[in-house]
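Input sequences plus hints: build the corresponding full structure.
Under our numbering, think of the first position of the sequence shown as 1, with each following residue one higher.
Heads up, some of the hints might be wrong.
What the hints assert, rightly or not - Below, a list of computed lysine to any residue pairs in the SDA-like style, where the Cα atoms sit at most 20 Å apart:
id, residue 1, residue 2
1, Lys175, Ala159
2, Lys779, Val798
3, Lys100, Val245
4, Lys779, Ala746
5, Lys132, Gly237
6, Lys835, Asp694
7, Lys606, Asp683
8, Lys158, Pro170
9, Lys626, Val610
Said to hold, decoys possible - The following label-pair restraints were derived from C-beta to C-beta distances:
id, residue 1, residue 2, range
10, Thr144, Phe397, 38 to 46 Å
11, His29, Thr583, 48 to 56 Å
12, Gly879, Gln447, 48 to 56 Å
13, Asp459, Glu289, 39 to 47 Å
14, Val188, Thr144, 19 to 27 Å
15, Arg290, Arg80, 20 to 28 Å
16, Pro660, Ser341, 37 to 45 Å
In short, the hints are calculated from the structure, not lab data.
Ideal placement from N, C-alpha and C gives every residue a C-beta, glycine not left out.
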Amino acid sequence: MSRARATVRLQLHAAFTLNDAREQVPYYHAMGFSHFYLSPISCAVAGSTHGYDVVDHSRVNPELGGESALLALSESLRERGMGVLLDIVPNHMATHATNKWWWDTLAQGQQSPYAGWFDIDWHPADVSLHGKVLAPFLGQNYDTSLQQGVLRLVHDAKANSYFIQAGESPFPLAKGTFFTEGRSAAAVLADYDPTSIEGRRRLHELLERQHYRLCEWHRAADRINWRRFFEISGLIGVRVEQPQVFDAVHQLPLRLYEQGVVDGLRIDHVDGLARPLSYCASLRQAMRERRPLDTFDGGEPWLVIEKILASHETLDERWQVDGTTGYDFMDQVGGVLHSPSGSRHLVQLWRDLTKNPKSAEAFVREARLTLLRRHFVAERNALLNAVCQAIKRRAGFDDVAQETLGPVLEALLAEFSVYRTYLDEGDAKVSWDEVFIAQAASSALAQLNPDSHEGGLLDLIVTLLMNSDRRDEVVRRFQQLTPPLAAKSIEDTVFYRYGPMLWRNDVGSDPTVPAVSLIDFHTCNFIRSVRFPAGLVATGTHDHKRGEDARARLAVLSQQPAEWAKACQGWSAWKPVAGEFNTPQGRAERYMLWQALVGAWPLSLKIDDVEALAAFARRMVDWQRKALREAKQSSSWFDPNLPYEAGCAQYIYELLGWSPLAANALAFDSGGERTEPPRMGHDPRSGLLRSFHDFVHGIAAAGAINGLAQTTLRLTVPGIPDQYQGAEWWDHSLVDPDNRRAVDHALREHAAASMPPDASLAVQLRSWQSGRLKQALIKRLLALRSRQSAVFALGDYVPLEVIGPRSEHVIAFMRVLGEAAVLVAVPRLCASALKSDEKTGLKMDMTYWDETGIMVPELPGHCMKNVFTGGIHKFQNGGLMVRELFADFPCAVLAT
1 MSRARATVRL QLHAAFTLND AREQVPYYHA MGFSHFYLSP ISCAVAGSTH GYDVVDHSRV
61 NPELGGESAL LALSESLRER GMGVLLDIVP NHMATHATNK WWWDTLAQGQ QSPYAGWFDI
121 DWHPADVSLH GKVLAPFLGQ NYDTSLQQGV LRLVHDAKAN SYFIQAGESP FPLAKGTFFT
181 EGRSAAAVLA DYDPTSIEGR RRLHELLERQ HYRLCEWHRA ADRINWRRFF EISGLIGVRV
241 EQPQVFDAVH QLPLRLYEQG VVDGLRIDHV DGLARPLSYC ASLRQAMRER RPLDTFDGGE
301 PWLVIEKILA SHETLDERWQ VDGTTGYDFM DQVGGVLHSP SGSRHLVQLW RDLTKNPKSA
361 EAFVREARLT LLRRHFVAER NALLNAVCQA IKRRAGFDDV AQETLGPVLE ALLAEFSVYR
421 TYLDEGDAKV SWDEVFIAQA ASSALAQLNP DSHEGGLLDL IVTLLMNSDR RDEVVRRFQQ
481 LTPPLAAKSI EDTVFYRYGP MLWRNDVGSD PTVPAVSLID FHTCNFIRSV RFPAGLVATG
541 THDHKRGEDA RARLAVLSQQ PAEWAKACQG WSAWKPVAGE FNTPQGRAER YMLWQALVGA
601 WPLSLKIDDV EALAAFARRM VDWQRKALRE AKQSSSWFDP NLPYEAGCAQ YIYELLGWSP
661 LAANALAFDS GGERTEPPRM GHDPRSGLLR SFHDFVHGIA AAGAINGLAQ TTLRLTVPGI
721 PDQYQGAEWW DHSLVDPDNR RAVDHALREH AAASMPPDAS LAVQLRSWQS GRLKQALIKR
781 LLALRSRQSA VFALGDYVPL EVIGPRSEHV IAFMRVLGEA AVLVAVPRLC ASALKSDEKT
841 GLKMDMTYWD ETGIMVPELP GHCMKNVFTG GIHKFQNGGL MVRELFADFP CAVLAT
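Laid out in structure tokens, this is it:
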């Protein structure tokens, strides 16, 4: 295979199969991508839209076309010199009846050959669960389920066997716990009929003899005795650290790798594993053994991990991987295009509008404590019990009680700034793990009572983590609790509670760090060039909260805080029938909705197009419902507040021009079956609707400049650029499932085919709204990456000095390998330089740049060609004037 130059992420499911992906090979090849980056392909729960709910690791999902379709796709890609990066899921599987490992474990308990394959505590503190698996899958409590016939005995006539039906889910019966004694199925079922008292008694006694204990799904939080994926009881943790389990989980991907069907592996949620570093080393070695002459990168396999890095964290030398999936770059490029000075004004605006003075740090701390006390109660208690027992084993600490230790442990977990440590792997003396623990302890100490003995207990816990046997239960439980706690508290809670700058609330970002300096941006790129040149760099993923161009547009608000504040004050004055939003969290929800509307607003949306407005309104209602439930304040997934959600939906419809009566009908319909909104009751002259429309169009051009700069950087910095499906055009999507909508490949293919290969991209500036300009830029840069593949794969990263009055408004660097070089320059924070209208298109006022110049080192020939315009740029006195560089196009990439 050829070296990877650029990947395109494709989401596979029954409506977009491997065969559908094969049909797009010619288009993506023509665009210049080298690899398809496929979502998981192993057998998942029937109807899965994402593939992460695996039920069988050994087979390619027949819903995706099966292995024959995969082989056909691979062959089509290989014919064009392309390949496959495959997403695999070693951390968890679905708790579904079609998962034979899970079914057998439920049927045989600890005697099952798969009982040790799952991360189950067979002897938890709750003695009623000794030897049993908690099955928190009932919609209501056990007694009610029994009384109402939700639990019943069922006979499978075809297999001549019996099983328990719990709602829509079947459960097995353990051998030796049920005897039919040669009686007819009808007679047996009559004995266990839940409509009779005697039948319910027999059914209950039968269930008591099983290796699982059914209960209401709410009880999982405080009773679960097995590791879940986050707090999702539909996914159970797999003990892939065991050799037998490792082999079973990786049988298919390693065979496909050995056969050359796939060229690299992407590891999902690596921090959920018991020993991630050892796992990556084992997987890399297994890949080496199967393709010892792999030509991807000097004989080494290609392995990237889904890893969330804190703003102050990098992958250390213990990781035997090629890099991450690119969330870190997504944060860095978003931060460098955000105005640091604007942050202060926007935070103050947030506080003024919401009447909530709490800091970002306080929001994070509060969310972590909420998750520990509400969603991860069982995990928190298991860790606390392990800590308490370990302390009691030390001389002189027999009287330490869990209720005393609990608040101290919570304080430490609430201040932990990274996803996890790796104390039981490698040499802890040279790792950052102890530094992160010490920092968390220092912050936690400030939250504890200085007049109590809590500080001493905190020291004991820290000592346990740092000095005990690295394979100790305390370390294991601590390290497997912090990743889900971080993800759920920040990404799925704080990001929906704290929103001064919603565009900075995305996967990989830290709400306490709004901006990234130019120096830090260059430093991160330099480190990546030296250590992880084959890692992915992304600006959009299947998990993003907002599309890359929605974030780019909203980042303009950091440059225009006064204009944004004025608009918000006007919208605040509007009194909808839907409600007053007169609580701090209600005002926060409204303010974040305004930002989401501005970011997602389609440029093609006409305010008199009722159908298009209705479609947009439905998207926003769906987003708002998810946002409310993730925030866990006004509503939640555990306890949905449907009337409140309906009121919020009504607010959206009223805002978009529907009368209160029509909006009310639409809002209450949003929780169930939808009907098309009536034409009557909608007024396109609504002042609020017009205000939002005009505001979006007022910042859209500056947002597009940000989007072009962001895309240019992704395709030129060190690393392998990853393109999310469909984002070749402007991507103003919202969080999933909105960002996983079907892609119109036919339109994109037609647009790409009609692009003149050498024409200046400047001609497309006038029609920039369509998104074809972005697609053309991507195609041009991917062609450059193909021609100059060695420069981008192996070349040095050289930041360039920018001098002059606008030096902070240009990002410039070179990629250099021998005598070959590529120079990149993009604008930042220059919304005030824009002069865009229907006649001129997307243009900047060149007088804005004044005497700003880029200092360029000595190059052979002293001139370079602009790949966007075809223009030749000569260096005068070792530099380039920015006004000349951006004269015809707002970004510049020059090649020798």
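Right, here's what the structure says about each hint:
no., hint, in the structure
1, Lys175 - Ala159, "holds, 15 Å"
2, Lys779 - Val798, "violated, 24 Å"
3, Lys100 - Val245, "holds, 14 Å"
4, Lys779 - Ala746, "holds, 16 Å"
5, Lys132 - Gly237, "holds, 16 Å"
6, Lys835 - Asp694, "holds, 16 Å"
7, Lys606 - Asp683, "holds, 12 Å"
8, Lys158 - Pro170, "holds, 16 Å"
9, Lys626 - Val610, "violated, 24 Å"
10, Thr144 - Phe397: 38 to 46 Å, "holds, 44 Å"
11, His29 - Thr583: 48 to 56 Å, "holds, 54 Å"
12, Gly879 - Gln447: 48 to 56 Å, "holds, 52 Å"
13, Asp459 - Glu289: 39 to 47 Å, "holds, 46 Å"
14, Val188 - Thr144: 19 to 27 Å, "holds, 25 Å"
15, Arg290 - Arg80: 20 to 28 Å, "holds, 24 Å"
16, Pro660 - Ser341: 37 to 45 Å, "holds, 41 Å"
Going through the hint list in order, the structure does not satisfy hints 2 and 9.
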